[in-house]
Amino acid sequence: MQLPRQEYQDYRLNYAARKTARRLGWFSIGLGLAELLMPGRLARAVGLEEHEGLIRLYGLREIGTGVGLLLSDNPEPWVYGRIGGDALDLATLGMSMQHGSNPVGAAIAAGAVAGVTAVDMACARALGSEHHPVTVYDYSDRSGFPEAPERMRGRAAANGDMANIPQVTGLAAADRETETRH
Amino acid sequence: MRALRWHGKKDIRCDNHVPDPGIEDGRDAIIRVSSCAICGSDLHLYDGFMPGMMHGDILGHEFMGEVVEVGKDNRKLKVGDRVVVPFTIVCGECDQCRRGNYSVCERTNRNKEVADKVFGHSTAGLYGYTHLTGGYAGGQAEFVRVPYADVGPVVIPDGLTDEQVLFLGDILPTGWQAAAQCEIEPTDTVAVWGAGPVGQFAVRSAILMGAEQVICIDNVPERLSMARAGGAITINFDEESVVHRLHELTRGKGPEKCIDAVGLEAHAARSIDSMYDRAKQALMLETDRPHVLREMIYVCRPAGILSIPGVYGGLIDKIPFGAAMNKGLTFRMGQTHVNRWTDDLLNRIQEGQIDPSFVITHTVSLEEGPDMYKVFRDKHDGCVKVVLKP
Chain W
1 MQLPRQEYQD YRLNYAARKT ARRLGWFSIG LGLAELLMPG RLARAVGLEE
51 HEGLIRLYGL REIGTGVGLL LSDNPEPWVY GRIGGDALDL ATLGMSMQHG
101 SNPVGAAIAA GAVAGVTAVD MACARALGSE HHPVTVYDYS DRSGFPEAPE
151 RMRGRAAANG DMANIPQVTG LAAADRETET RH
Chain F
1 MRALRWHGKK DIRCDNHVPD PGIEDGRDAI IRVSSCAICG SDLHLYDGFM
51 PGMMHGDILG HEFMGEVVEV GKDNRKLKVG DRVVVPFTIV CGECDQCRRG
101 NYSVCERTNR NKEVADKVFG HSTAGLYGYT HLTGGYAGGQ AEFVRVPYAD
151 VGPVVIPDGL TDEQVLFLGD ILPTGWQAAA QCEIEPTDTV AVWGAGPVGQ
201 FAVRSAILMG AEQVICIDNV PERLSMARAG GAITINFDEE SVVHRLHELT
251 RGKGPEKCID AVGLEAHAAR SIDSMYDRAK QALMLETDRP HVLREMIYVC
301 RPAGILSIPG VYGGLIDKIP FGAAMNKGLT FRMGQTHVNR WTDDLLNRIQ
351 EGQIDPSFVI THTVSLEEGP DMYKVFRDKH DGCVKVVLKP
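From first to last, the protein sequence lines are chains W and F. Just so you know, our numbering puts 8 at position 8 of the first sequence, and the rest follows in order with no gaps. Just so you know, our numbering puts 297 at position 297 of the second sequence, and the rest follows in order with no gaps.
To be clear, the hints were calculated from the coordinates, so they are not data collected in a lab. Wrong hints could be hidden among the right ones.
As the list claims (entries may be wrong) - Simulated restraints on C-beta separations:
#, chain 1, residue 1, chain 2, residue 2, range
1, W, Leu54, F, Lys318, 40 to 50 Å
2, F, Asp273, W, Asp141, 29 to 39 Å
3, F, Asp11, W, Glu147, 40 to 50 Å
4, F, Asp116, W, Glu147, 27 to 37 Å
5, F, Lys374, W, Ser129, 12 to 22 Å
6, W, Asp73, F, Asp317, 32 to 42 Å
7, F, Thr187, W, Asp141, 21 to 31 Å
8, W, His131, F, Asp381, 12 to 22 Å
Claimed, not checked - In silico lysine-lysine, DSSO-like type, Cα no more than 30 Å apart, as pairs:
#, chain 1, residue 1, chain 2, residue 2
9, F, Lys117, W, Lys19
10, F, Lys72, W, Lys19
11, F, Lys374, W, Lys19
12, F, Lys280, W, Lys19
What the hints assert, rightly or not - Stretches of chain F that chain W covers, calculated by requiring three or more beta carbons in the stretch to come under 8 Å of a beta carbon on chain W:
#, stretch
13, 55 to 63
14, 207 to 213
15, 349 to 357
Just so you know, even glycine gets a beta-carbon here, dropped at the ideal spot from N, CA and C.
With the rest of the complex left out, here is chain W (with noise of 0.2 Å):
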C-alpha cells in the first residue's frame, strides 16, 4: 500500500520570475546610464532632438527602477513601477510618431519598449502567483528505513565488510545467476 500523504498549505517563491526580475534589474539600469550619458544620440534616434533633458529624467528613472529591483527583498512593486515607465516611454515615442523628426526611428524604439513591456507583464504575473498558498507535501516521514538513516550507515557492510557489496564487475552475480539457472 502506498503511504498516506501529509499535506499543508505554504507559499512559495517563485524563483524564475525573481530571477527575470533580476535581470530586468540589470537592463533597466544598462537602458537608464544609457540614456542618462548619451541622451543626445538616443533623442536623434527617436527625433525627440529638443528634449534631452527629459531623456535623462527617464534615464534616471530606469536607474531607479533598476536599483529597486536588485536591492528589493519583493521585487514585484518595482516591475509594476517598470510597466508604469513603460507606458511613459510608450505615450512618449507614440508623440514622436506623429510630430517628432524620426517617426521611423520612434516607431522601432516604440516595438522594442513594447517587446519589453511584455517580458514585464508576464514577470508581474508570475510574481503574483506568489500571494496564493499552494498546496505542500511533506515526504519528511518517508525515510524507506527501519531505523533513523544515521544508525543506518553502513548497514550494507555486513559485519563492517564492504566487500560483501557484490561490486562493479558483477561476476559473482553472473555465476550466482548461472547456478541458479542450471
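On the provided structure of chain W, position chain F as indicated by the hints.
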C-alpha cells in the same frame, strides 16, 4: 487488453482492444500485470527526445505481475508465480551476460543492426523503449510477453506487497548500482544530482554503503524533504549556489563521488550553459542537455568517481574534458545490470533493511496513466513516483 500506447510526442493514450500478447518462443512467459510504474526515462519518450518510437508502441518497463502462461522450454517459471521483471531483457548465455554485464546482453536486441550502427555495438533489448532497443511491447498494459523469461524475472516470495518489490525491476537497483559504482569509502562525501526516484534510492544506497556524508541537489522542495528523510544534506539550486555549497560542505576539497541521477533533460534552466543547450537543442545541433555532467566534472575532487545512471540518448556539447582528464576522474555509467543486484536487494527488502515503497506518491488506474505522465513530468501535486494498477 488495455495498454498505454505512444501516439506521438506528448500523446500517450490508454487504448482498449489492443491485441493480447502470445507465446512466441519456448522460453517466453505471459504476465498479467498487477502493478507497473512510470519511469523518469519514460518521460524522454513522452517529450520526444529519444528517437526510434513508432505510432502504437506500448510503453512501460517497470512492471510485475502473475505468470499466466509459460513457453514449453521454460523450466524456471510456472503459472501462478508472482514475478518482477527487470527492464533489461537478458539471455543469460552470451559472453556479456556471463560476465554480469546484463544491460549489454548481445542477443536480446531484435534490431541489433540498427543499434550497432548508432552506438557501434548493440545493447540489450528493453521493454517499451524504442525500436533501437528491440521494439518490445512494454508493461504499462494488462498483459505483457516476457521473452527469455527463464532468465530475467525475479520470483517474489509470499509476504511482500507489490509496492515493496515493484522497484526491484529498475529504479532500486539503478540507485544501488549508481552507489556501488562509486566504490564508497567510509570517509567519502557522495553528491547526488536529482532527487527523483533514482536519486532517492542512490541517497539511501550511499548511506547503507557507509558514506560519511551524502548530499542531494534538486529544486523541488518535496523531493528534497524526501531526500533529507533518507539521510541526505540537501541543496536547492534555486536558492543557493551548488558549487559554493559543495565547497563549504567538503572543506573546499569537493565530493569524492558524484552521481548524475538527472540525465539528458537537466532543468537548471536559468544557468547560462542550460540556455546554450536549449538553444542548440532547438536548432537540432545537440540532443541532450548535459548541465549536470559539466557541474559534476567541475566540482568533483581530483581522482574522484562520476557515476552516471541518468539516461543520455545522443550527442552532448561543451564537456570540459580537459578538467576531467587532468583531475584524473573515473567515469562509470550504463543502463543497470538489474539481475546483478536483484537477489541481494530482495534479501535486503525481506530483512527490512529498506522498504522501497516510500517513494510512491501516486497510485492510479491505467486509464489515468496518460494524465499522470504530465503530472509526473511537471512535478505537480508533489509527484515523485506513479504506480499504475491495470
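Okay, the hints, checked on the actual structure:
1. W/Leu54 <-> F/Lys318: 40 to 50 Å: Distance hint for leucine 54 of chain W, lysine 318 of chain F holds at roughly 45 Å.
2. F/Asp273 <-> W/Asp141: 29 to 39 Å: holds, 36 Å
3. F/Asp11 <-> W/Glu147: 40 to 50 Å: holds, 45 Å
4. F/Asp116 <-> W/Glu147: 27 to 37 Å: violated, 48 Å
5. F/Lys374 <-> W/Ser129: 12 to 22 Å: At roughly 19 Å between Cβ atoms, serine 129 of chain W and lysine 374 of chain F fall inside 12 to 22 Å, so the hint holds.
6. W/Asp73 <-> F/Asp317: 32 to 42 Å: holds, 38 Å
7. F/Thr187 <-> W/Asp141: 21 to 31 Å: For aspartate 141 of chain W against threonine 187 of chain F, whose Cβ atoms are near 30 Å apart, the range 21 to 31 Å holds.
8. W/His131 <-> F/Asp381: 12 to 22 Å: holds, 20 Å
9. F/Lys117 <-> W/Lys19: violated, 43 Å
10. F/Lys72 <-> W/Lys19: violated, 63 Å
11. F/Lys374 <-> W/Lys19: holds, 25 Å
12. F/Lys280 <-> W/Lys19: Distance ~22 Å between lysine 280 of chain F and lysine 19 of chain W Cα, so the pair holds.
13. 55 to 63: violated (count 0)
14. 207 to 213: holds (count 5)
15. 349 to 357: holds (count 6)
Hints 4, 9, 10 and 13 from the list above are not met by this structure, while the remaining hints are.
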